[in-house]
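Enquirer: Sequences listed follow chains A and B, in order. Heads up: the first sequence runs through residues 1 to 568, numbered per UniProt numbering. Heads up: the second sequence runs through residues 1 to 568, numbered per UniProt numbering.
Everything labelled a hint here was simulated from the structure, so no lab data went into it. None of the values given here were measured: they were computed from a predicted structure. A virtual CB, placed ideally from N, CA and C, is assigned to each residue, including glycine. Hints may be right or wrong, so weigh each one.
Among chain B residues calculated to face chain A with C-beta under 10 angstroms, some are [to be verified]:
#: 1; residue: Ser23
#: 2; residue: Ser28
#: 3; residue: Gln151
#: 4; residue: Glu244
#: 5; residue: Met245
#: 6; residue: Ser255
#: 7; residue: Gly257
#: 8; residue: Phe429
#: 9; residue: Phe430
#: 10; residue: Gln538
Some, not all, of what chain B presents toward chain A, calculated at C-beta under 7 angstroms [to be verified]:
#: 11; residue: Val21
#: 12; residue: Phe154
#: 13; residue: Asp155
#: 14; residue: Asn248
#: 15; residue: Asp252
#: 16; residue: Arg435
#: 17; residue: Cys436
#: 18; residue: Pro536
#: 19; residue: Thr540
#: 20; residue: Gly541
Number of protein chains: 2
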Amino acid sequence: MPSSTLSNGSNATTPGRLASVYSEVQTSRLNHPLPLPSVLRNPFKIIDGPKSSAAGNPDEIAKLFPNLFGQPSAKLVPNESGMPGAKLKIGVVLSGGQAPGGHNVISGIFDYLQDIAKGSTLYGFKGGPAGIMKCKYVELTSEFIYPYRNQGGFDMICSGRDKIETPEQFIQAQETAKKLDLDGLVVIGGDDSNTNACLLAENFRVANLKCRVIGCPKTIDGDLKCKEVPASFGFDTACKIYAEMIGNVMTDARSTGKYYHFVRLMGRAASHITLECALQTHPNATIIGEEVAAKKQTLKNVTNYITDIICKRADLGYNYGVILIPEGLIDFIPEVQQLISELNEILAHEVVDEAGEWKKKLQKQSHVLFDFLPETIQEQLMLERDPHGNVQVAKIETEKMLIQMVETELEKRKQEGRYNAQFKGQSHFFGYEGRCGLPTNFDSTYCYALGYGAGALLHSGKTGLISSVGNLGAPVEEWTVGGTALTALMDVERRHGKFKPVIRKAMVELEGAPFKTFASLRGEWAIKNRYISPGPIQFTGPTSNSINHTLLLELGAQAQEDISSKTC
Amino acid sequence: MPSSTLSNGSNATTPGRLASVYSEVQTSRLNHPLPLPSVLRNPFKIIDGPKSSAAGNPDEIAKLFPNLFGQPSAKLVPNESGMPGAKLKIGVVLSGGQAPGGHNVISGIFDYLQDIAKGSTLYGFKGGPAGIMKCKYVELTSEFIYPYRNQGGFDMICSGRDKIETPEQFIQAQETAKKLDLDGLVVIGGDDSNTNACLLAENFRVANLKCRVIGCPKTIDGDLKCKEVPASFGFDTACKIYAEMIGNVMTDARSTGKYYHFVRLMGRAASHITLECALQTHPNATIIGEEVAAKKQTLKNVTNYITDIICKRADLGYNYGVILIPEGLIDFIPEVQQLISELNEILAHEVVDEAGEWKKKLQKQSHVLFDFLPETIQEQLMLERDPHGNVQVAKIETEKMLIQMVETELEKRKQEGRYNAQFKGQSHFFGYEGRCGLPTNFDSTYCYALGYGAGALLHSGKTGLISSVGNLGAPVEEWTVGGTALTALMDVERRHGKFKPVIRKAMVELEGAPFKTFASLRGEWAIKNRYISPGPIQFTGPTSNSINHTLLLELGAQAQEDISSKTC
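Turn these sequences into a full structure, and let the hints guide you.
Expert: Shown next as structure tokens:
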């Protein structure tokens with residue numbers, strides 16, 4: 001009965017979420033069964049693949065990771081004798097922003113230890129990497145973990161954005177590893193956190209510590225992936241939550257017939273979320289940052305693209321629509337970057353006069369762009385600065401900015417007799433709503449396998465790998481499990497005169513199947529109303545196990561590639 | 001397969017949603033069975049209750065509705081012989097803002113006609129009441145209606161906000177009724193639309209038209225209800241969609257540990273949605289407009305209430321939280337209303353000087369309030385006007401305003417040494433996302449019964465009633481079906497020297513069970529973290545048939561009242 005959840009919380013049963021009461025749906029998720037790939041359900045061993053290289057500049061990566069560079073990938077295969085019995089002491093840490101499924105990675109590690117390495121101990125470092133450095137941890141027990149199974153959030157042990165990067169910090173981490181007698185550490189994080197995991201693995205190896213380090217691919221942004229790691233967890237759930245909302249707004253737009261909804265979607269560095277939501281819902285216009293950058297589009301180009309669609313639709317009698325915009329859009333527009341860097345310079349050194357004389361310090365293109373911006377955005381650029389005095393690009397509400405720019409352009413066209421309708425913009429930002437939702441069945445199962453597999457990798461003595469679960473288009477029992485050398489995902493960047501290793505963010509590929517599919521259909525979506533309303537995520541029934549379009553399309557393209565490379 | 005929805009829409013099968021493709025969940029909803037109350041599943045007749053009165057000023061209502069005033073309520077009861085066979089011509093219209101379930105009301109009317117009055121015709125007036133006046137309609141067939149079953153939105157025939165109120169408009173409506181030879185009309189709408197439905201019923205009766213008029217209670221705001229009409233449809237779905245998002249944001253707040261999320265929720269006139277969402281999710285602070293008004297609170301009071309909670313939480317080490325705010329908050333604050341009316345006056349007649357001399361025209365209290373407002377809100381009040389030159393209160397983003405006012409107050413307390421933590425506010429507005437979602441099982445079934453019952457009322461010759469389905473806490477088969485005299489819901493308001501009939505909006509009752517339950521628990525929710533994450537609406541499984549807290553609590557209180565009145 002829902003009314004029972006109005007009690008004072010006495011039905012909470014555990015220390016971790018002691019203060020919590022659960023909704024019916026949350027409760028129903030606790031005992032949702034988590035199927036394992038068959039290779040994990042039976043005795044297995046780990047076999048090595050060929051020597052690996054790097055995503056770029058292998059020589060530099062080799063220098064940065066002398067002990068780890070070139071490691072083969074690892075693959076779990078059935079084996080009669082199974083893994084050796086051994087008690088392990090393992091630590092786990094959540095790093096960076098939340099993504100649905102993190103709790104299941106931890107559950108997977110825990111269950112691996114319970115099932116295959118009985119008598120082992122799992123420590124959860126609290127509050128992210130800082131918890132490792134400060135040796136703040138909690139011993140994870142079955143009772144502690146249970147209430148987090150298949151639940152959203154990272155609150156089991158919480159996360160943090162600290163990095164282990166200075167020599168002192170590495171020593172702190174070593175001390176924790178020694179103090180807890182750790183055999184291994186699992187770092188659940190995005191590209192940066194996995195880079196750090198690899199640096200830590202190298203550092204521990206150099207220091208002759210027994211503690212191994214395994215990464216797990218986490219980010220709702222979907223920009224940590226490669227052939228071996230076909231998805232980062234959380235992306236599936238977040239996109240489905242956003243798509244539910246977009247679908248609702250589309251139905252509203254079609255029913256009301258008078259609003260253009262401009263929806264900005266989380267995802268600063270890459271536009272995967274926006275692309276996936278477009279594939280799920282068929283909006284009238286979708287801006288993909290990577291395309292804007294590749295085509296060197298200006299803000300005016302983007303404004304005109306949207307305005308053209310609005311005018312064409314007005315001719316057809318449709319004065320409503322839905323437009324998707326990636327959070328990071330203006331980071332992709334070179335002229336905006338230029339303007340902002342000039343502004344940062346001017347604001348730091350010049351007096352900004354009311355009359356606008358200061359604007360003469362701007363280069364011509366930047367001056368034109370500044371004048372093109374809506375007044376509220378101009379003010380935001382001038383007034384809101386971060387502690388370093390820099391313009392706060394992240395605070396700009398791009399969806400509102402675009403509404404205003406489209407309004408201005410439509411007004412102009414109206415005066416020229418090229419548009420004769422009413423435009424009403426409504427702005428939305430979908431972000432936090434998606435990061436902590438209850439994980440979909442896909443994310444729940446995928447994360448559990450990632451964690452279980454990470455346990456197996458540590459158990460077999462592997463380090464510097466990222467847990468890799470593949471063949472995701474097939475039924476779960478056929479999923480492959482293994483690890484990929486983190487160094488194989490890396491390239492270097494030059495920062496402050498030094499090479500820094502980085503896992504290259506996986507951007508939206510304009511030649512990739514998801515974008516090409518989108519590009520082939522968007523013209524039709526623009527003019528005709530092909531809206532799809534995905535509805536709320538279902539946890540049971542026939543619709544509960546669907547996979548997101550991006551992954552499906554990428555897997556399909558990969559399969560075709562594999563076939564053609566075999567037939568060649 | 002989800003990828004199939006990426007086709008060009010060729011799997012759409014119907015004229016109405018020809019351009020649409022359906023998601024898996026949408027498709028799965030099409031054939032969701034709609035159980036009927038048992039009284040509708042077997043032969044029935046309609047019996048009359050006692051003579052009715054009005055919600056207030058019965059004498060005036062009697063004058064305004066000489067033909068309809070005092071009508072008894074109607075109740076369906078089992079009867080061996082059933083309704084007489086007769087072909088009917090019925091019209092249906094959607095009026096006002098969208099609410100999930102509207103399509104099912106139409107399906108219910110249609111199925112009634114098919115099942116009980118075979119050979120009948122159902123016309124859907126397009127685009128709201130204007131469709132009646134302009135005689136713009138579509139004949140609804142089984143094929144036309146099918147793709148809208150259990151789907152969100154109002155796009156089957158769309159809605160509109162026009163009113164039939166002038167003598168000319170009434171004549172237009174009469175002409176349409178004659179032209180289509182209508183036996184009846186169902187008006188699906190909120191308080192205003194149902195008032196108009198009753199005026200139309202009276203008008204048709206005076207004009208000696210055979211066309212009867214029956215209303216149906218629609219509004220996500222939940223402010224059209226009374227003992228006989230325990231709920232307006234759409235409220236259940238909208239609240240559950242908002243509560244899903246709030247629950248996700250709560251999990252995010254707890255996981256991140258550094259944000260205060262200020263969530264503004266749709267619902268301008270009454271705060272039912274905010275109250276229901278609070279009961280579902282247990283936020284740290286919730287502002288209920290009716291309480292603010294009853295206690296004559298100022299904006300400063302509200303700011304201090306929130307700030308006090310933030311400070312107490314900071315003492316406990318919690319620098320995060322979730323705060324719910326009703327969309328209409330500032331409409332409930334008398335001092336804000338006063339300021340706005342003074343501003344409207346001043347802005348219409350005075351020159352607003354940069355130096356702020358104009359502010360001396362404000363009364364002292366308004367001047368103080370104006371200076372208390374954040375600068376951006378001051379600007380918004382001065383700059384954004386509607387076509388009549390009035391300040392646009394609806395455009396004020398109350399959640400952002402409160403964040404800024406709380407920031408200022410916290411800064412002050414910091415300087416006084418009473419607060420020593422970091423405050424980061426995040427603002428959200430949940431509105432359009434909830435109006436057009438896929439209806440919950442409750443709304444789907446409730447709407448179907450409302451429509452089916454409306455058919456029965458028209459069939460038996462009733463007019464000026466609102467379709468009333470009751471006993472909603474019991475299993476569907478035990479629900480009661482009937483109609484309540486619309487005049488019984490009415491009071492009068494004096495406008496332009498004349499009495500106007502109005503259905504009094506049902507506000508949040510501070511002595512009602514939902515508010516009292518909330519009030520008894522909010523102190524605990526403020527300090528301890530009792531967050532509940534309701535998760536996405538489920539359409540199948542054990543969690544799919546839950547009823548919202550407001551309705552459950554009101555039904556519970558009603559049942560107790562009934563018992564005590566019987567025992568007295």
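Enquirer: Take the hints in turn and mark each one as holding or not.
Expert: Against the structure, the hints come out as follows:
| no. | hint | verdict |
| --- | --- | --- |
| 1 | Ser23 | holds (4 angstroms) |
| 2 | Ser28 | holds (6 angstroms) |
| 3 | Gln151 | holds (8 angstroms) |
| 4 | Glu244 | holds (7 angstroms) |
| 5 | Met245 | holds (5 angstroms) |
| 6 | Ser255 | holds (4 angstroms) |
| 7 | Gly257 | holds (6 angstroms) |
| 8 | Phe429 | holds (8 angstroms) |
| 9 | Phe430 | holds (9 angstroms) |
| 10 | Gln538 | holds (6 angstroms) |
| 11 | Val21 | holds (5 angstroms) |
| 12 | Phe154 | holds (4 angstroms) |
| 13 | Asp155 | holds (5 angstroms) |
| 14 | Asn248 | holds (5 angstroms) |
| 15 | Asp252 | holds (4 angstroms) |
| 16 | Arg435 | holds (5 angstroms) |
| 17 | Cys436 | holds (4 angstroms) |
| 18 | Pro536 | holds (4 angstroms) |
| 19 | Thr540 | holds (5 angstroms) |
| 20 | Gly541 | holds (5 angstroms) |
The structure fails none of the hints (numbered hints given earlier).
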